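Given the coordinates of chain A, work out where chain B should sit on it, guided by the hints.
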Amino acid sequence: MRARTAGPPVLAVAAATLLAGCGGQTTLEPRSRPAQEISTLWWWMLVAATVVFLGALGMIGLAWLRRRHEGLPLLGNRKRLNLALVVFFGIAIPVAVNVALFVVSNFVVLKQTEAPAAASTRMTIQVIGHQWFWEVRYPGTSAVTANEIHIPARTRVNVVATTADVIHSFWVPQLNRKIDMIPGRRNRVLLYADRPGRYRGQCAEFCGTQHGHMALYVFADPPDRFRAWLANMAAPARAPSAAAERTGAQAFQADACASCHAIRGTSARGVVGPDLTHLATRTTLAALTIPNRRGDLAGWLVDPQHVKPGNRMPVLNLGRNDVKALVAYLESLR
Amino acid sequence: MAVIGTGAERIERLGRIWEERPGVLGWITTTDHKRIGLLYLFTTLVLFAAGGVEALLLRTQLIKANNGLLSPEAYNELFTLHGVTMVFFFVIPISIGAFGNYLLPLMIGARDMAFPRMNALSFWIFLASGIFMYTSLAIGDAPDAGWFNYVPLSAARFSPGPNIDFYCLGLIFNGIASTLTAVNFIVTMFKGRAPGMSMNRMPLFCFAFLAVSLALVFALPPLNVALILLELDRQVGTHFYDVAGGGDPLLWQHLFWIFGHPEVYIIILPAFGIATSIIPTFTHRRMVAFPLVALAEILVALIGFGVWAHHMFATGLPAAETVYFSAVSLIIVVPSAIQLFAWLTTLLTGTPDFQTPLLFIVGFIVFFIIGGLSGVMFAAVPFDQQVTDTYFVVAHFHFVIFGAAVFPLLGGLYYWFPKVTGRMYSEPVGKLSFWLSFAGTAITFFPMHIVGLLGMPRRVYTYPHGLGWDATNLIETLGSYLLAVGLLMVAANLAVSRFRGKRVGRDPFDGATLEWEASSPPKPYNFPVIPTVSSPYPMWDRRDRKKDERKLERGEMVLDAGHETPATTVVDAELDEILEMPSDSPWPPLLALTLALVFVFLLTGHWVTAVVFAGASAAVLGAWHWKEPEEA
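Chains as they are written, first to last, in my numbering: chain A, 9 to 342; chain B, 395 to 1026.
Bound conformation, chain A alone:
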């Protein structure tokens, strides 16, 4: 096996210094073997490209220095020689470099990033793109969530990527390449994380008004934590206990929330918006548009069109008390 940091060391160090502290959506801080291979390929291509670029700039510089002299330095102006230069740099060198690039990228690296065959991994999850959020299902369990995908760290996970409406593209750069979600197709991509952590992803194919607010997190958890999370996620919603929560639960059914959202264990079975059964366990709302905090949640309920204009959730003109009760109820959905 190749060493992990196979890229040119100087560049890698420079990049690490430059990019330290950046968020978790960069291709340059890979956290899995496939992303690592792509990143290494990039650094080598950058080295080759820099050599070509500087060589060409050198020729332009030399042309400027010798702007009053005909012909090549020392060799003079010979037709055959000029033609030989064009053939060497324009045909021989590109052919050699491109053959190498072709073999490395399409036979070595592609093997790592290619989709795993169906049922060849320990685990399969299903991610379904919607305008504009991600529905996440864990086949074999009743768990359904949205926008925040949990996977066990150091486990190969097969993601089946499909769409409920238009084309989206599922992309978590630190973990792997992107894969389009296309109507009528079931595409697959491997998700693997070297270590526990939170990795940001975003829709990469323009999908309409709120394409800009269609992000997701992948949480790679230690195996025990993942198992506990999944068990909780598969369970139906807990019944409201406090009075405010009960009022909120009634408001949820009465105020048309239930016609678009599902809360498993209740009569809410809507399929337009995300499943809210365990909403309180998520850290963000509206596909990472705002944090899942009391004030933000209330603001969202009051005017979702202000927070994420054009999204499918209408302004419901909820009363103050309704909002308060709904927040209490939703916050109880752990």
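Honestly, the hints are just simulated from the structure, not real lab data.
All figures in this text were calculated on a predicted structure; none of them were measured in a lab.
Each residue gets a CB set at the ideal place from its N, CA and C atoms; glycine is no exception.
The reader is advised that the hints may include incorrect statements.
[What the hints assert, rightly or not] Derived DEER-like restraints, expressed as beta-carbon distance ranges:
| no. | chain 1 | residue 1 | chain 2 | residue 2 | range |
| --- | --- | --- | --- | --- | --- |
| 1 | B | E467 | A | G192 | 23 to 31 Å |
| 2 | A | R88 | B | S928 | 22 to 30 Å |
| 3 | A | H314 | B | G860 | 15 to 23 Å |
| 4 | A | V103 | B | K825 | 37 to 45 Å |
Here is chain B on its own, set in the frame of chain A:
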């Protein structure tokens, strides 16, 4: 004296024969390739300004995280219109319609295009299609699904408004103009070359435009098919792209990119042609490897048809397909590299005089290398799958389409400005405008590579703090303002010099090709004597030009018996026959108008009215051909 007098008389007679109506009406009914070229130029420059303002608005929205300048709907309409405008209404029509129209007949020693009235029709259809497309913005329903308009986002279910209908119908309409121009160019270059200009003596500029024209004729049909199928899905309820009805959304992507990738070469090849015109002039030497470069220009256009699926590596194509398209994408690097090193070797072995036009070409070479190198990276499938649809690809194609395609156009504007106006631009302002545009381009587009690698997807109307994207976006936006200043300076330089510039003769740069033989500005008949050519650099063959001058006195090859131009054989350019050319005509603009009404009523769904105007168009076409040009 009598002999000279005869020459003067001939010139006077030519002037009378080729004169067109004066005033505005003259511009509307013109069939003069130079006036049509100028109409194209002014129209495309207005559209360039529109596309530029759109770009500045987009950049200003992205100047900081969570900016609220533009609503997402406005942002999506603007970036779609920016792409559509720059590709279909600026780069291609200015290259082909303005530069090609104005220069090709001059370069091959002809008096006009093969089909002058069809040429006028191309322009009026182009203008009408531009107005049609921008009407969408005026009524607030501009196309908003990106310039490649993927289904099903653009299907009626997700885009019920007229936005996408403007896109489909506007592009079909626009495509008619491009097709007519391409056919016209092919025939003109095959049949209209001056005696002696055999294929191997045709200027490289013409080879590039021949390649472009051939590519256009074959690339536009798949686009038209794609657009018609989509319009049928939207308005008639067919299911070509609809999975539920047995269709497939990937069909759109294949059809679009079968057009879309040759399109990239259609955009860049005229730039190559301009570079190969400017470089010999300012390096005072012939192009190195002329036959290789001519071959490479044709090969690029040809191989460009075999690479389309490299736009679709993330769609989950089978591995065998991706590997094939990766290989062809790497192969096409070779003809591009041949041209690159031919330019560089010519610069190196010549005695380059770095005046404004050559500076823009050097800028083009630098940007073409950057855009070309990142392009090679996209042929590496796994890397493509990582950075496609991010700002890395935005950086890549702006280096190619702006840096490499538009810089030669700017250099070409400077280079041929004295030819068109008879006046010289300001060299110091020209140099300054170059450096501002060069710095602006680099500062706007280079950081996009970095922000793309940092994970920023394209076409997002805003972005959050904390992902390391803030500084690069700010720099890009400031760069775009600098670029705007540079471009405005080019415009101001040319506008002021048009009236105040020093008067120049017909050949201020000692250019190599025949356009420099014509007066500045050229007379409506271009050349008093049809030149006879014996090399690809006819203006550097002094003896040939002297011979032409003597022919005027003898009345040889003056063709002053009527509205005449010679036709020559396709390969060897031996004189074949003398063609009587049609004169100015009101029918082409009228036909464009009736066709425009067909498209308007297709848009509004008034099928019967549309058919009525289609009938009217046929009637106009009949009237146009009712009377063939007479013997003079």
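Problem set entry | 15 to 23 Å as the expected CB spacing between G860 (chain B) and H314 (chain A), which holds or is violated | 22 Å, holds
For this session: Starting from the range 22 to 30 Å, see whether the pair R88 (chain A) and S928 (chain B) falls in it by beta-carbon distance.
Result: Since R88 (chain A) and S928 (chain B) have Cβ atoms about 24 Å apart, the given range 22 to 30 Å holds.
Exercise. Holds or violated: 37 to 45 Å for the Cβ distance of V103 (chain A) and K825 (chain B)?
Worked result: 38 Å, holds
For this session: Take a look at whether the Cβ-Cβ distance between E467 (chain B) and G192 (chain A) falls inside 23 to 31 Å.
Result: 28 Å, holds
Of the numbered hints given earlier, the model fails none.
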